[in-house]
Structure formats: structure tokens, C-alpha cells
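Take a look at the letters that make up each chain.
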Amino acid sequence: MSEPAVRRRTVIIDESFRVHHLLDRESVLGPVMLAPLLVYLVALVGLPLLLVIYYAFTDATTGSSAFSFTGLDTFQKTLADPVFRTALRNTVVFTLVAQVVVIVLATILGFVLSADFRGKWVVRFLILLPWTTPVALSALSWLWMLDSLFSPFNWILGSLHVIDEGTPVAWLGEDSLAVASVIGLQAWRTLPLAAVILMAGLTSIPPELNEQAEVDGAGFWRRFFDITMPLLAPIMMVAILFGIVATFTDMAAVYILTRGGPGYATQVLGSWSFYTGIQGGSLAQGAAIGIFMFPVLLGVCILMLRRASQTDVV
Amino acid sequence: MPARAPVVISRWAVLTAFAVLCAFPFGWATFTMFKSDDDLYTVGHVPFLYNSPPTLVHLKVLFTETAFLTFVRNSLEIGVIVVAITLAISVPAAYAIARLTGQWGGRLAMTVFIFYLVPPTLLFLPLSRIVADMGLQDTIWALVVVYPTLTAPFSTWLLVGFFRSIPRDIEEQAMVDGYSRVGALVRTVLPLAVPGLFTVVIFTFAFTMNDFIYAVAFISSSSNMTVSAGVPTELIRGDVFFWQSLMAAAVLVAIPVALAYNFFLDRFVQGLSLGAVKG
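Protein sequences appear in the order of chains A and B. Numbering follows the working numbering, with no gaps: position 11 of the first sequence is -8. Just remember that the working numbering sits 1284 ahead of the position in the second sequence, which is counted from 1.
Just so you know, these hints were derived from the structure itself, not from any lab. Hints are not guaranteed to be accurate.
[Said to hold, decoys possible] With a straight-line cut-off of 25 Å between C-alpha atoms, the simulated DMTMM-like cross-links for lysine to aspartate or glutamate are:
id	chain 1	residue 1	chain 2	residue 2
1	B	K1344	A	D128
2	B	K1344	B	E1518
3	B	K1344	B	D1322
4	B	K1344	B	D1323
5	B	K1344	B	D1523
6	A	K101	B	D1550
[As the list claims (entries may be wrong)] With the C-beta cut set under 10 Å, the calculated list includes, among others, these residues of chain A facing chain B:
id	residue
7	V26
8	F38
9	A47
10	V78
11	V81
12	T113
13	W123
14	W125
15	V196
If you're wondering where the values come from, they're calculated on a predicted model, not measured in any experiment. Think of the CB as a built atom: it goes at the ideal place given N, C-alpha and C, for glycine as much as any other residue.
Looking at chain A on its own, in the form it has when it is part of the complex (with noise of 0.2 Å):
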């Protein structure tokens, strides 16, 4: 480690200043080292971002690569496709009800974890798995535990005698179940990292803030909604736009749970335009599913520069 220092240090002493000074210069030094960075978000993140746009107003396949231009028509048969209707309807509500769940799931599970206790360590563990765990394996982990004849909830519904047991319960067979099932996986693998978050939010406020409050009369609920909730919105915030973004642009719990079925009643925009644009081999109209998505991104990012300005100023 110190040898390269050592010889820095002669560069600066006996040579002529010129290279070293170049990058010594902020001015100059900055855009050098934000430059590989910045070269490859444009590369592969800008590029790529116009060409989906690009695709969208073409005929584009997988199979050849020629295409020609072809304006609105894409958009218009991506429009008049009930299935792409039912997407993007799924799309927004399954993103809004998991996220609303996960809100008041996050501050309780953040409350009880901002305390210290014996064996946090291992609760923690516990909950964090379904974040940790990569989707695909968890997805799968439920789409065994809702396996149609081997449920372990259809058995215990058999043995109270709330269905019968001839008749299990098809819980990603029926319309309203799978869409309650893949809500319910989006709200369940998004929730450790809100719960985390809010739990560090909670741990930050300070305690004088809720003892003073405390001894001048405040109650429980008093000082909730008074203190800790305004205190917690920014990093609130930031929890629920985690979840929105990781709901919202989310293929592969859909993929794997359910196909996007019973029919199509679970397809979301993320797995309806990989079915359409990998395996039906519709780049163009894979593209302009996809591009329904810019919307709420576009508010998501909004939403955090306006955030950013306004932390800024303070």
C-alpha cells in the first residue's frame, strides 16, 4: 500500500507539475472519474430506453432484423388487445393494494423491531427472507404452498370442515384467488425492506421528542400521528417508492406463480410483454406494452427529485 503513495509523493517533488496538476484540478479530475460511469448508463441504459421507444412505432420481430416504420399501428393493436387492457388494469391494482398493505404491515413490523430484545438477530433473519430470497425461488416456494392438491391450507380447511375435502380449493385456479395470491406475494416480498426501512427511520427520531411529549399528556396515538408519522414521511417515502418500483415493473412473481393465468387473469404489463415480445417474438408490440409502464415511473422519479430539491434547500 505504501509504495505507490512513496512514489506519488517524488512524482509531485521532482518532475514538472503538468500531468499531476491536470487531475489535481477539480474541475478536471470530477468529470474523469464520473465519466466511465456515466459512458456506461448512456451505452446501455439510454440507448437501449430510445430503442424500446424506437421499436414501439415499428414491426419489429426477434426473428429477422430488418423493420421498417409503421407509426401508430403497434400501439393501436397493443390498445385494442383486451389481454394488454387486463394488464395494465392488473398492473396498477396490484401495485396500489400490495403497497397499501405492505404501508401498514412496514410501521407495525417497524415498531416491534426498533425496540432492542434477546434474539433479534434471528427474528430478523426470519423476516428478511422473503426479501433476500431471490423472486423466482421464492415464487416457486408458493406456488408450492398453493399447489391445488397439496396445500397445506387446503388441508387444514378440509379438517375444520370449511371446504370439502374432495373439492380442495384451486387457489391460483380461480380468477379472484390468483389475483389475491400474486398480490399477496408482491405485499409479502416487498414488505422486509419497507419494515427495515421505517424500523431505521424509527431508531433515528429522537427519544426526547416522545418522552417530553409524554409527560405534557400525549398519548400513544397523540404522539403517532403528531411526532413519529411526520418525522417518518420522507423516509416513508422512500420505502413505498422501493415497493412501487420493484411491484410495478415485476415479471417474474407472475412467471413463475401463475403464467399469468387462469387464462389471463394475472398478467401484468412486465410478463405479458415478455410473453409477447421473447416468446410470441413481437419485439415491436413487446416494446409498446412495455412503454405503458413510463407513466408511473416518470412520477416515481419526479416525485424524488422534488424530494431531493426540497432536502436541498433545507
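Once you have looked at the hints, place chain B on chain A.
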């Protein structure tokens, strides 16, 4: 402040409920992977018992008759290379944003983060063509090239927060002592940022394992698949599910990843909050 008994009891009740809610599918998977076929697939059997003695045969199948170990090796290889690339481009960029760009820093950090918000489900179509044009179709290098598009912006964003939390005086002292800016970064800032760097390593590694869409879109031969893409495609053949082996694969991947996260969770969350609060 010693907590009162009712508080302690209700806290444990809530924690237990959440732990069960979160861990149940994995507990169930663990229980399933040791079941014999006879036991598992007999409809009348109580599913919560081992009606026949537990067996390791499905674990053996997973390791010897499937490409699971190949998937694990691919995932590890891809993970290591992507971590190296991510660190190589994120560390300088984050340092530049934190220290060298003045009032532009906040805006640059946001711009970088916005790149992270562009989802794989939108980019996989053009990227699958770009990857094919580069001649990388169906190789692990396709994933190596593409994964840093998500890991680098996020890691940069995290590292900006960590770098900003290190007092400027430390480098300025080193520069007074004769180090260049880069020398001061390497000698004084990076050692202090080690926890942040570890966080980035864990996050990057976990992300590469988590990805599903790129892996299934770019890779078709099972010898090049990652764990996420390989396990569902290899162990589900048509309508035939190798349930015990599938569950074993899920559990064997889930536990080490969760352990790694648990060790670095506080740093990770601290980084999220730093990045979030300071933009």
C-alpha cells in the same frame, strides 16, 4: 427503560406472527424437501407429518442429476465479475459526486439514481438484440455486461451517502501532507468507507442472483444459466414438478443470501437513508 410485561408479551406475539408470515413458505419448503414421493403425493396423508421416514434422496438428485451446481457456479462467477465492474465504475463516480462536483452533486446523484429506476422489464427487448449483436447471446458474458446497468447506479447512490458522511478534513489533511486527490482517496477515504463498500458488494451480489428476466431472455442452454433462471426451467419439465428438489434448491439459496444480508443490514439501511436524505 425496562419494558412492562404486557408490552413485552404483545411485542413477541406480533414478532412471532410476522416471523411466521415471512418464513412460512421457506419452512414449508424445508419440511417438503426431505419427504419421500410416497408420502408427499398421497392425498390422504397429513401434510404436517413425515408419514414415511425423511429422506435425502431428493437432495442427492438435485446435486447429482440436475445442473444445480452449474447454476450455482455460474451465479457465483457472474456475481464476482459484476461486483468488480460495479466497484470499478461506482467508487470513482460516487467520490466525484460527493466531493468534486460542488452544487451539481445532488443533481448528478439523482440523475444516476433515475437510471436505476428504468426497469429490466422495459430494457430486456432492446438489450437482447444488443447482446446478440455483440455475439454474447447465450453466454454468461451477456449477463456480466448487462447487470451493472442496475447495480452501478444503485451502488453509486449508496456510496455517495457513505462518502459524504466522511469528514472532508481527513482528505484535506492528507493532501496538505503531499498526497494528490486520488492518493488521498485511496489512502484515507476508502479505508473509512469499507463498511459501505461491503454493503455494495453484498447488494450487487444479491442483485445478480435475484435477476430473472435477463437470465431467461438471454440464456437458453442450461450450462450457462444462473440459479434464478435455471432452477425453475430445469426442475419443472412440462407438467412434471420435482417438488422436493425444487424446494431444496430454493432453501439452499435463500439461507446463505439472507445470512449475508443480515450481517450487513444496518449498513445497508444506513446507506439507503443517507442516500435518501442527502439526495
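Results for each hint:
1. Only pairs whose Cα atoms come within 25 Å are accepted, and K1344 of chain B paired with D128 of chain A is accepted, the gap being roughly 24 Å.
2. Between K1344 of chain B and E1518 of chain B the alpha-carbon distance is near 16 Å, which keeps this suggested pair within the 25 Å criterion.
3. Taken as a hint, the K1344 of chain B and D1322 of chain B pair is honoured in the structure, with Cα atoms around 17 Å apart against an allowance of 25 Å.
4. Using a Cα cut-off of 25 Å, the hinted pair K1344 of chain B and D1323 of chain B holds, with the two alpha carbons roughly 18 Å apart.
5. Of the pairs offered as hints, the one joining K1344 of chain B and D1523 of chain B holds, with about 22 Å between alpha carbons and a cut-off of 25 Å not exceeded.
6. The straight-line distance between the Cα atoms of K101 of chain A and D1550 of chain B is roughly 13 Å, inside the 25 Å bound, and the hint therefore holds.
7. With 10 Å as the threshold, the beta carbon of V26 of chain A comes within range of chain B, its nearest partner Cβ sitting at about 5 Å, so the hint holds.
8. Given the 10 Å rule on beta carbons, the hint for F38 of chain A is violated: about 13 Å separates it from the nearest Cβ of chain B.
9. A least Cβ separation of about 12 Å between A47 of chain A and chain B goes past the 10 Å threshold, and the interface hint is therefore violated.
10. Among the interface hints, the one on V78 of chain A is violated; its C-beta lies about 17 Å from the nearest C-beta in chain B, farther than the 10 Å criterion.
11. Given hint, V81 of chain A at the interface with chain B, is violated; its Cβ is 17 Å from that chain's nearest Cβ, farther than 10 Å.
12. Given the 10 Å rule on beta carbons, the hint for T113 of chain A holds: about 4 Å separates it from the nearest Cβ of chain B.
13. Interface restraint check for W123 of chain A: the shortest CB-CB distance to chain B comes to about 6 Å, inside 10 Å, so the restraint holds.
14. Evaluation of the W125 of chain A hint against chain B yields a held restraint, the C-beta minimum of about 6 Å falling below 10 Å.
15. About 14 Å separates the beta-carbon of V196 of chain A from the nearest beta-carbon of chain B, more than 10 Å, and the hint is not met.
When held up to the earlier numbered hints, the structure conflicts with 8, 9, 10, 11, 15 and fits the remainder.
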